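**Q** Got chain G; can you put chain S on it based on the hints?
Line order of the protein sequences matches chains G and S. FYI, the numbering for the first sequence is 1 to 107, going by our numbering. FYI, the numbering for the second sequence is 1 to 268, going by our numbering.
Wrong hints could be hidden among the right ones.
[Unchecked claim] Within a straight-line C-alpha distance of at most 27 Å, the following computed DSSO-like cross-link-like pairs (lysine-lysine) qualify:
1. S:K260 - S:K81
2. S:K70 - G:K52
3. S:K107 - S:K81
4. S:K91 - S:K260
5. S:K107 - G:K21
6. S:K39 - S:K95
7. S:K70 - S:K91
8. S:K39 - G:K21
9. S:K107 - S:K95
[Unchecked claim] Restraint ranges, calculated between C-beta atoms of paired labels, are given here:
10. G:E16 - S:G241: 47 to 53 Å
11. S:S242 - G:Q74: 39 to 45 Å
12. S:A228 - G:Y32: 18 to 24 Å
Derived by calculation from the structure, the hints in this document are not laboratory data. These figures come from a predicted structure and were not determined experimentally. Every residue, glycine too, gets a C-beta built ideally from N, C-alpha and C.
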Amino acid sequence: MADARIQVPPQVRRGENFEVKIAIRHAMETGYRVDEVGKPIKRNVIRELVCKYNGAEALRVDMSSGFAANPLLQFWLVAVGSGEVAFEWVDDAGTRYAERAALTVAG
Amino acid sequence: MARRAAIPLALIGAGAALCVSLAYAQSPAARAIPLTELKSGLAYTGEDVRALQADDFANPGMLWVERGEKIWNTPAGTSAKSCAACHGNAKSSMKGVAARYPAIDAKSGRLFNIEARINASRTGQQQAEAFAPESEDLLAITAYVNYQSRGAAVGVAIDGAAREHFERGRAFYYTRRGQMNMSCATCHEQNFGKRLFAETISQGQPNDFPIYRLEWQTMGSLHRRLRACLYGVRAELLPIGSPELLDVELFLAWRAQGLKGEAPGVRR
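Just chain G, same shape as in the assembly:
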């Protein structure tokens, strides 16, 4: 269920730079905390995130417990054609997530 929100511009021109944003709902449990009875809470952070633009890898992030909970990433790409910006990420628990956004390139 709604684990991430992606934002790309509604339309970009070919060759132009455009900003991509992704906000992910994830506790990013650091592994350094204990619960109310003192038992350590197991680390569960997003380990790796990959962004593909029309199938080609555009960004790969090695994440760790230094990231805040519910991380927000933003970066720029060059518009080469209409298609999709697709994200995939995996956390320590081994859960895989995927989310994508459609992109329209004019010209």
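**A** Leaving out everything else, chain S in the frame of chain G:
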């Protein structure tokens, strides 16, 4: 000598407190902060926090709002009905609703906040299990419903059956408690705008809940925030959804009359 002087002073103090409570009993409209001087907690945060709340993409609370929208449209329970099956589009049907809560539930006669109202619909209409207090799903659907009251002026009814809840809430608000021997009013009526270490004390307004609190690194309800205050003054931590916290929630909503809804808020 000093000790002797303390007794009459204490008596005067008790007398003054009695006068105050009598004055409140006689004029229900007595407000410590005039309506024109009410300020959302946002006014007491830093510029960075204000920017984070104002940006609908960067505001982390919007992740819960979006999840809440999915819950709204997903059938649940043995009725296999979604919230939308009865209430339709939340954008119109829930507009301004949260601004009128807490309110007395006509059927049970009990005081409901939005969380209790949602769970009553879950167990009653949807025939589904109630969401656990402070669970991700309850925070999400609450955030989604309260989001529809963005910009709506807070205004709750305190007459009829709500009256006794209101009075109890007000008494709670002005009662000193905990090892620090402080009431809610000590900070939020007598000292707002001043510093408490690195923090600026706010008026303690409830118009932006549930909030994403950076200290928590997650969303939290008003009751969770109230518990944080109780913890701060080293008082007994009341359970989330307890009658005492519901009563004080009603008093806070009355106290915030006219403030515009801001959910989901972001706070330090």
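**Q** Work down the list of hints and note, for each, if the structure agrees.
**A** Verification of the supplied hints:
For the given pair, K260 (chain S) sits about 32 Å from K81 (chain S) by alpha-carbon distance, which is inconsistent with the 27 Å threshold. Restraint check: the Cα-Cα separation between K70 (chain S) and K52 (chain G) comes to about 26 Å, which is no more than 27 Å; the hinted pair holds. For the hint linking K107 (chain S) to K81 (chain S), the alpha-carbon distance of about 21 Å falls within 27 Å, and the restraint holds. Of the pairs offered as hints, the one joining K91 (chain S) and K260 (chain S) holds, with about 17 Å between alpha carbons and a cut-off of 27 Å not exceeded.
For the hint pairing K107 (chain S) with K21 (chain G), the CA-to-CA distance comes to about 46 Å; that exceeds 27 Å, so the pair is violated. Taken as a hint, the K39 (chain S) and K95 (chain S) pair is honoured in the structure, with Cα atoms around 22 Å apart against an allowance of 27 Å. Simply put, K70 (chain S) and K91 (chain S) have alpha-carbon atoms about 13 Å apart, close enough for the 27 Å limit, and the pair holds. Note on K39 (chain S) and K21 (chain G): the hinted pairing is violated, with a Cα-Cα distance of about 32 Å set against a maximum of 27 Å.
At most 27 Å may separate the alpha-carbon atoms for a hinted pair to count; K107 (chain S) and K95 (chain S) meet this at roughly 22 Å. Between E16 (chain G) and G241 (chain S), the C-beta spacing of about 51 Å keeps the proposed range 47 to 53 Å intact. Our hint of 39 to 45 Å for S242 (chain S) and Q74 (chain G) holds, since their Cβ atoms are close to 41 Å apart. Distance hint check: the CB atoms of A228 (chain S) and Y32 (chain G) are about 21 Å apart, consistent with the given range 18 to 24 Å.
In the structure shown, a violation is registered for the earlier hints numbered 1, 5 and 8, in ascending order.
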